[in-house]
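Enquirer: Take the two lone chains and join them into the complex the hints point to.
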Amino acid sequence: METSKVIHAIYNDDDVLMAAVKKVKAERYHIEEIYTPFHIHGLDKAMGLAPTRIAIVSFMFGCVGLIVAVVMMNYMMISDWPQDIGGKPSFSYIENMPAFVPIMFELTVFFAAHLMVITFYLRSRMWPFKKAENPDPRTTDDHFLMEIAVHGNQSELESLLKETGAVEINIVDKEAH
Amino acid sequence: MASHYEAPIRRPLIIGEKSYHDISVDIARPVEGRANKQWWIVFSIALTAFLWGIGCIIYTISTGIGTWGLNKTIGWAWDITNFVWWIGIGHAGTLISAVLLIFRQKWRMGINRSAEAMTIFSVLQAGLFPIIHMGRPWLAYWVMPIPNQFGSLWVNFNSPLIWDVFAISTYLSVSIVFWWTGLLPDFAMIRDRAVKPFQKKIYSLLSFGWSGRAKDWQRFEEVSLVLAGLATPLVLSVHTIVSYDFATSIVPGWHTTIFPPYFVAGAVFSGFAMVNTLLIIMRKVCNLEDYITVQHIELMNIVIMITGSIVGVAYMTELFIAWYSGVEYEQYAFLNRATGPYAWAYWIMMTCNVFSPQFMWFKKLRTSIMFSFFISIVVNVGMWFERFVIIVTSIHRDYLPSSWTMFSPTFVDTGIFIGTIGFFFVLFLLYARTFPVIAQAEVKTILKSSGERYKKIREAGQSLVGTGSDVRISNSARDNSKNLKK
Chain A
48 METSKVIHAI
58 YNDDDVLMAA
68 VKKVKAERYH
78 IEEIYTPFHI
88 HGLDKAMGLA
98 PTRIAIVSFM
108 FGCVGLIVAV
118 VMMNYMMISD
128 WPQDIGGKPS
138 FSYIENMPAF
148 VPIMFELTVF
158 FAAHLMVITF
168 YLRSRMWPFK
178 KAENPDPRTT
188 DDHFLMEIAV
198 HGNQSELESL
208 LKETGAVEIN
218 IVDKEAH
Chain B
990 MASHYEAPIR
1000 RPLIIGEKSY
1010 HDISVDIARP
1020 VEGRANKQWW
1030 IVFSIALTAF
1040 LWGIGCIIYT
1050 ISTGIGTWGL
1060 NKTIGWAWDI
1070 TNFVWWIGIG
1080 HAGTLISAVL
1090 LIFRQKWRMG
1100 INRSAEAMTI
1110 FSVLQAGLFP
1120 IIHMGRPWLA
1130 YWVMPIPNQF
1140 GSLWVNFNSP
1150 LIWDVFAIST
1160 YLSVSIVFWW
1170 TGLLPDFAMI
1180 RDRAVKPFQK
1190 KIYSLLSFGW
1200 SGRAKDWQRF
1210 EEVSLVLAGL
1220 ATPLVLSVHT
1230 IVSYDFATSI
1240 VPGWHTTIFP
1250 PYFVAGAVFS
1260 GFAMVNTLLI
1270 IMRKVCNLED
1280 YITVQHIELM
1290 NIVIMITGSI
1300 VGVAYMTELF
1310 IAWYSGVEYE
1320 QYAFLNRATG
1330 PYAWAYWIMM
1340 TCNVFSPQFM
1350 WFKKLRTSIM
1360 FSFFISIVVN
1370 VGMWFERFVI
1380 IVTSIHRDYL
1390 PSSWTMFSPT
1400 FVDTGIFIGT
1410 IGFFFVLFLL
1420 YARTFPVIAQ
1430 AEVKTILKSS
1440 GERYKKIREA
1450 GQSLVGTGSD
1460 VRISNSARDN
1470 SKNLKK
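Chains as they are written, first to last, in our numbering: chain A, 48 to 224; chain B, 990 to 1475.
One chain only, chain B, in its complex shape (with noise of 0.2 Å):
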């Protein structure tokens, strides 16, 4: 059929002799079976560090932030690290789901699922560490402009951290909805295949009566296409926004106009990374290797790849303008970056995000699985070094030698960052069992222009029309769809 015509060049997305029905069942095998005993135990000890953190959170807000490392001159830096890397880290998912969705990118549809999800559960940390850095946390209703008593006192819009309010929850709440209304035929799918009657019931109700009519179809597809029109601009403009919390300082080394990319660039480094490592997991653990292919992980590889190298070019342009400059506040921020007590930080953050993603070149690298994954955790700790890096070297030591100062995180600090690590894998770990962690829906729209079995067919000159049917299922719902009659 035309409709599924596709190059010969292009590898198949979706490995083995899969049918329509094939795809369901796979993946629906994590959501319908029980947790096995390493679940129980990976799930054991994110629960743990969860705990852990809301203990660290409940002390600094009951004794104050005098508990973490700062002091009065760096005020901040763990939490808005944590902060800055956390909102980083869930770019990656809407990058997987609207910006590929716009390019029409094929391989998406493995792994955008599992994307959005982890976008979902880093913006929740993120959105943590504002309120929890506050000095009065209860407060931190005042940041909305709501009519009040006193006088109707209003907000200051000119500050970038009430922009962050505005663009963390427009961010995280499109990003639900984004989500959500994608998974409604997934949940569908679950809900008509269930035969636990509670299982039932709750995928009924998640899946909010989706009948998967033609107009209901019609539909979706624009509202997923406009989201992910709406959901491009907006996931530029939410990094844009919280580099702004640097870019609109007067700090040397902070006021920069090349932040806002650069931030976005590095944030869809880390995002694809922790993709990377969350995929190279899943697709073992829940036995989905032919979904989620060494071709997934090599593309995402190169975006990895791309977007390190635009941060690395990024470095360079800053040192240059440092020093082009003639600034000399600014050409010692960075002399104090690469030379200063803070140099080893500087360093791990320059081998990690410079040199590392320079290795996916290499196909035998990028198409290996353990390397993939050994440098996917490498970028996140590089990444996680750049934030600090740019944090804390640049108020540490700034105009006034006076008040050159030192930072070191207390237990606190770890602490509630350990948590947060904690809840995000408690929240993955959940999903994992009871979410359909691949867009089957998606997936079955490619799988005749992009599966093994269908590319074979179509090379040999068949005719794709009618090799959807299954015939180890079409038999025998022939006798259950009788039942079933009204």
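Next comes chain A alone, as it looks inside the complex (with noise of 0.2 Å):
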């Protein structure tokens, strides 16, 4: 593994930091990671990152949920044991349906809800053990931090960074992947 060189601009103001992300996007250059302590609104546009589409995901596992609550009633209801509770009719599903319509809906946000906070912690990976990635312990706290792959650049780079406002520029070895 070489080692290549990233530069970490530290901003102390979301603003600033918003007016640095689109100086540096205009100056073409690649913003490898932006460690925030909190969601800056419209950053993610301005990074130019893709949008999420966890929503989609949560939207297909709530369909799984349907099927699975549909499966489960109607071979336990209807198939396998169809006998009389109290006069309720138990020759087809849609007969008793209405008294499926509560945990149909459960089982639905049930699914959607758990897969879709499964899926955002191994995708974004985060579990209990995990250990922290940000570089700089400030970042959970007041401070902005950008982070830049330095190619030989390194002095354009820190004269520009300077401009935008970064209050502390440093320059680190990181292991490539």
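In case anyone wonders, no lab produced these hints; they're calculated from the structure.
There may be inaccurate statements among the hints.
As the list claims (entries may be wrong) - Simulated restraints on C-beta separations:
id, chain 1, residue 1, chain 2, residue 2, range
1, A, TYR122, B, ARG1125, 22 to 28 Å
2, B, LYS1061, A, ILE103, 52 to 58 Å
3, A, GLY95, B, ILE1310, 57 to 63 Å
4, A, VAL118, B, SER1051, 39 to 45 Å
5, B, ASN1145, A, ILE103, 33 to 39 Å
6, B, ILE998, A, TYR122, 55 to 61 Å
7, B, LYS1026, A, SER202, 58 to 64 Å
8, B, ILE1004, A, ILE103, 37 to 43 Å
9, A, LYS178, B, ARG1000, 52 to 58 Å
10, B, ILE998, A, VAL111, 44 to 50 Å
To be verified - With a straight-line cut-off of 30 Å between C-alpha atoms, the simulated DSSO-like cross-links for lysine-lysine are:
id, chain 1, residue 1, chain 2, residue 2
11, B, LYS1204, A, LYS72
12, B, LYS1095, A, LYS69
13, A, LYS177, A, LYS52
14, B, LYS1185, A, LYS92
15, A, LYS52, B, LYS1095
16, A, LYS209, B, LYS1444
17, A, LYS178, A, LYS52
18, B, LYS1444, A, LYS70
19, B, LYS1185, A, LYS178
20, B, LYS1204, A, LYS221
21, B, LYS1444, A, LYS69
Said to hold, decoys possible - Listed next, the stretches of chain A that the computed footprint assigns to chain B, with coverage defined by at least 3 CB atoms under 8 Å from CB atoms of chain B:
id, segment
22, 129-135
23, 147-156
24, 164-177
25, 185-193
Glycine included, C-beta positions come from ideal geometry on N, C-alpha and C.
Expert: This is the structure we're talking about:
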């Protein structure tokens, strides 16, 4: 593994950071990563990140939940033991369907919510013993860190970032992936 | 900046000269500090009540349900009253975190964390009752549709009690993941501030390695929004399903189509009252008056007023329909509530639920912290009686006069209820000392639009660009970061 250098520009204001991102993008530099203490509205767009598809995934999980509920109750209440419980019609699913609606609903929500959250944790690589990867502890408090790879253009980059209002610029060796 | 535009009519939600760093410090303070004497006193009282409740539960399970005040006519009383009451209290937490998120209410950010904690802790209390009120609680797992050696004998999905199992387990589990996901950036903030190695380890574990990347935040926002979208129908469905326990019966006084929305309104009503009770104390004890302001309390009071009025309309509707129905059983059920042996309970309920929220029309009263605290207690008493009145007065006198009887609780009934209150406060007190009680990452997003200091800057016609820096820490942090560099 060769090591390459990255530049860490630290900002202490979200509006300054936003302006900096736009400027750095306009100069056609690739921003590797930005670490922020809170969600900055529009930052993902400014960086050019693709929109997340997690809501679509959640919808599909919800459909799975609904199917599970219907198949389960149809099997247990209509196919396996079609008993008369208090005069409820158990001849077909549709006849007794109103009584199945609450569980159809709950299982849809259950699957959509939990499987989406699990997807989020896996996709964003977060789990209980995961080591935090933010390079500076201040980025969870009130500092904002922009990471840009250095390819022999260190001094230009530094002056550009200084110009955008970075309060601190560090050059860090980073293991290339 | 255009992104921080806010109408000048809005009052600040964060008071004082706060910077982003001040928010971290203020919210981390109770976690990093040590518990004082008052905390230990209150905690001991709650723990004692909890242990007493455990004793009563063990006594019930080992001796039998006959230790309670139930009889052959009244098979449900305090157990289900407390269950519905606790479930109802839990609903405000989801309302605040989900419904107010969908409506983009910025004021929810100061209170949502504690409201969600309250949800989880009160649903846990509620969840005890369906198990301990069983005659054979050790067979409780039979409510689950698990393949088995009885030819695979299944559950009956026609029963609202089975719907309850699904509703409550879904509600509790979804509430927990919603809450926990929101906690990750806040745990990460405490992790990165921690000086003690043990504390650092614990919060590293709890924060799941949250790093605050732009992509993480993008997904985080979407996940929060989808969960809010799922939690909103969920919260409505859960109390609806709880109300089906009664509404699908054939008992006069229970068999009503108004129950689902009316129970939900009652749940929001009692839940917001409980949030108010807790937050009025918490803002004082944890020195968070700058984040949980009188405006927050006033807005919660307005919600209490609205939902209290909805509950009032529901009471009137029930009475009208009973009269209009021409069914003498139904008419008698309501006559019995108002004038029968439990009239005192009915009139306590009416006074607390219908009249007390109407005081909130007066600005002087709804912006008074003392008065809000008092009313929030009154509402919770009233809502307990609502459930008690609906349950007990409907079954102690119904179709057959030869089955008419009365109910009085034993010390075991009351002991278990006291125990759940104790357990609730044990959990809440532990939470208040170990968890960030305000969602700091969310509050930071509204600082520039709703902070008092920034409102002043904007009103003076100055730009907000660059105002997020805190001189006090930026200078000292500079030397600090030299050591951190790899």
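Enquirer: Hey, B:LYS1204 versus A:LYS72, does the alpha-carbon distance stay inside 30 Å?
Expert: 17 Å, holds
Enquirer: Going straight from one Cα to the other, do A:LYS52 and B:LYS1095 come out at no more than 30 Å?
Expert: 41 Å, violated
Enquirer: Checking one constraint from the list: CA of A:LYS177 to CA of A:LYS52, max 30 Å. Satisfied?
Expert: 24 Å, holds
Enquirer: Do three or more residues of the segment 164-177 of chain A come closer than 8 Å to chain B, measuring C-beta to C-beta?
Expert: That given contact holds, which follows from 11 residues of the segment 164-177 of chain A lying within Cβ reach (below 8 Å) of chain B.
Enquirer: Given as covered by chain B, does the segment 185-193 of chain A meet the bar of three residues or more with CB within less than 8 Å?
Expert: holds (count 6)
Enquirer: Holds or violated: the 58 to 64 Å window for the beta-carbon distance between B:LYS1026 and A:SER202?
Expert: Distance hint for B:LYS1026, A:SER202 holds at roughly 60 Å.
Enquirer: Could you grab the alpha-carbon distance between B:LYS1185 and A:LYS178 and see if it respects the 30 Å cut-off?
Expert: 17 Å, holds
Enquirer: Starting from the range 22 to 28 Å, see whether the pair A:TYR122 and B:ARG1125 falls in it by beta-carbon distance.
Expert: 27 Å, holds
Enquirer: If you draw a straight line from the CA of A:LYS178 to the CA of A:LYS52, is it 30 Å or shorter?
Expert: 22 Å, holds
Enquirer: Counting residues of the segment 147-156 of chain A with a beta carbon closer than 8 Å to any beta carbon of chain B, are there 3 or more?
Expert: Since 7 is at least three, the answer is holds.
Enquirer: Taking the beta carbons of B:LYS1061 and A:ILE103, is their distance inside 52 to 58 Å?
Expert: 55 Å, holds
Enquirer: Within 57 to 63 Å or not, the Cβ separation of A:GLY95 and B:ILE1310?
Expert: The hint (57 to 63 Å, Cβ to Cβ) holds, given that A:GLY95 and B:ILE1310 are roughly 60 Å apart.
Checked against the numbered hints given earlier, the structure breaks hints 9, 14 and 15 and satisfies all the rest.
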